[in-house]
Amino acid sequence: MGIKFRRVKYILSKVFTSGILTIIACFLFHFSFAQSNCVTPPPGMVAWWDGDSISGSTAVDIQGTYDGTLVGATIDTGMVGNAMRFDGFGDYVSVGDPVVNTPPYTVDAWVNPTSIGSSSQYILANGGETTGGIGFALLIENGQWRFYIKDISGVGSYSFEPGSFAGANITSTGWTFLAGSWDGTTNPGSLKLYVDGVLAGTGTPISGATGNPQNLFIGSSTNTSAYLWDGLIDEVEVFDRELSQAEIQSIFDAGSAGKCKAPPPLPCDTLTFTKQSPTCKSGGDGAATVLTSGTALPYTYIWSTTDTTNSISNLIAGIYHVSVTNSFGCISTDSVILTEPPLIQKSVSTVICDMDSILLQGTFQIAPGIYYDTLTAINGCDSVLITTLNVNPSPTSGFTKSATELNVNFTQTSPDTSSVLAYAWDFGDGASSTLTNPSYSYISGGTYNVCLTTTNMITGCSDIHCDSVTVTVTVTVPGIFNGILNPSVNIYPNPSAGQFTLEIESQKEMVPSISVYNMQGEELRLKSNNTGLKNKLAFDLRNHANGIYVVRILTDDGVINKRITVAK
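Just so we're aligned, residue 26 is where the sequence shown starts under the numbering used here, counting upward by one.
Just so you know, these hints were derived from the structure itself, not from any lab.
Do not rely on the hints blindly, as some may be mistaken.
Unchecked claim - In silico DMTMM-like links for lysine to aspartate or glutamate, alpha-carbon gap of 25 Å or less: (1) K593 with D582; (2) K371 with D278; (3) K593 with E528; (4) K306 with D398; (5) K300 with D255; (6) K371 with D359; (7) K593 with E547; (8) K426 with D488; (9) K426 with D381; (10) K300 with D310; (11) K306 with D278; (12) K426 with D454.
As the list claims (entries may be wrong) - Here are the computed distance ranges between Cβ atoms for each label pair: (13) N126 with G309: 22 to 30 Å; (14) V373 with M482: 20 to 28 Å; (15) G572 with S458: 35 to 43 Å; (16) I362 with D101: 47 to 55 Å; (17) N126 with I87: 53 to 61 Å.
Even glycine gets a Cβ: it sits at the ideal position worked out from N, Cα and C.
Whole structure, please, built from the sequences with the hints as guidance.
In structure tokens, the structure reads:
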């Protein structure tokens, strides 16, 4: 291919003055291009040392700007045109740059080893065999082809042809096409080695395999004093993306025709782009269109997505390479970068009381912490609401009560000593108070549900405690009883059909208070009739339900309770 390239340039210089440059140039280009049967280089190539472009001690990078320096290496017949020959003793090419620093990437070369022994022979590397030798390496090791990813300690992950190719480990010293690629992940099988266009081995990169590699060497590792290549190396390329198996196969299938590198007879088109980056973070609605500066129709397009039109869509953020060929066969390559907007986030802080809960992350939360909720913003993109939840303690509410007939003294018993507490009393009969320790008189006897709400006036947190209180109304029966200190009390008949008589005999003068209660503690409003005989009182429970009732006699000396059973 190097000869054809120079011949085109020579003929063009001879016919330039004839005024028919375009016609002859196009003819010669198509003739040379068609005869070579070369393959169009895949997009994403960043460096190409072809073995033909040697100027003195410089190995020219015909694709990029990474020219190398030949140290001891010579030129010989290669697979495609000329190749670089290394004797295994101090011969190598030094490139003063790693060329690629981070994955994804693909490296490939045609190689023809003079011999295969147990010792390692490096083909291409920007790391290896030194303490700081991180990076990749394509080499022969233990009679196998291997593609390494080295970490900072020199330990590597590799893929290699384990014997399925050529029937076993390497036994031939003929020309072999090798390609190694890595997509940058640590997924199993993400490290790939191709032998003559076929995927021959895979490996799983170890953790920490990336970093700052060393400068790239051809025919050696970063340690140029050992494990050097003995044989021929031709058509060395580096790509800043992972080539597909089909692309690698196409390079191998081209054989000695190699990749097309004849210059076009007319200037190549300058490529520009219109693009639409994804609307949302991690969105897939991006698009790109490549525009050409010339009019050499028709154009053919090859994107890194394998699309073949000038526009591609449904794209995520990333770099997209395109190769555009005009009607003269001139190939222009470029790339477009699609970016994505940052994730919409908002941080808020909220406070609840320890008796409350709040809906966060789809669940009612009660514990302090940071919670994340995914929402949909106005533009349809996902957004994240970050809520810092704080929980304030609630006061403890409680009280005691002391009842004397209809009068009750209430005392709050909260263990909190804060001066910011407020109290709200509900006495159960519609009345209320905001005093700390109120006294209250009920209008009528009965059992009332009393509730105290204790509130922290700063945090707003509160607690409620409820308890029942029973108050009574005393029935005072006038009369003078003469009797002993402990009177004798009799109720008859007992059981009763509802009517019964209470008889009190005492030698001490007293005016007792008499009350009648049901078993629910409710006081009954009963009329009693003084019989005038021996301090007897008559009661009537016929309008009340069957059951057990308590007659309570309160004297100056104490209380006497008697039970009466009503069975009608």
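Tested hints:
1. K593 with D582: Between K593 and D582 the Cα gap is close to 35 Å, so the pair fails against 25 Å, i.e. violated.
2. K371 with D278: Not satisfied, since the Cα-Cα distance of roughly 56 Å exceeds 25 Å.
3. K593 with E528: It holds: about 22 Å lies between the C-alpha atoms, which stays within 25 Å.
4. K306 with D398: Holds. K306 to D398 sits at ~16 Å (cutoff 25 Å).
5. K300 with D255: Outside the cut-off at roughly 49 Å; violated.
6. K371 with D359: 38 Å, violated
7. K593 with E547: 21 Å, holds
8. K426 with D488: Since the Cα atoms of K426 and D488 sit roughly 18 Å apart, the hinted pair holds (cutoff 25 Å).
9. K426 with D381: 29 Å, violated
10. K300 with D310: 11 Å, holds
11. K306 with D278: The given pair, whose Cα atoms are some 41 Å apart, is violated under the 25 Å limit.
12. K426 with D454: 16 Å, holds
13. N126 with G309: 22 to 30 Å: Because 28 Å falls inside the window, the suggested range holds.
14. V373 with M482: 20 to 28 Å: 25 Å, holds
15. G572 with S458: 35 to 43 Å: With a Cβ separation near 36 Å, G572 and S458 satisfy 35 to 43 Å, so the hint holds.
16. I362 with D101: 47 to 55 Å: For I362 and D101 the Cβ distance comes to about 41 Å; the hint is violated.
17. N126 with I87: 53 to 61 Å: This hint is violated: roughly 22 Å between Cβ atoms.
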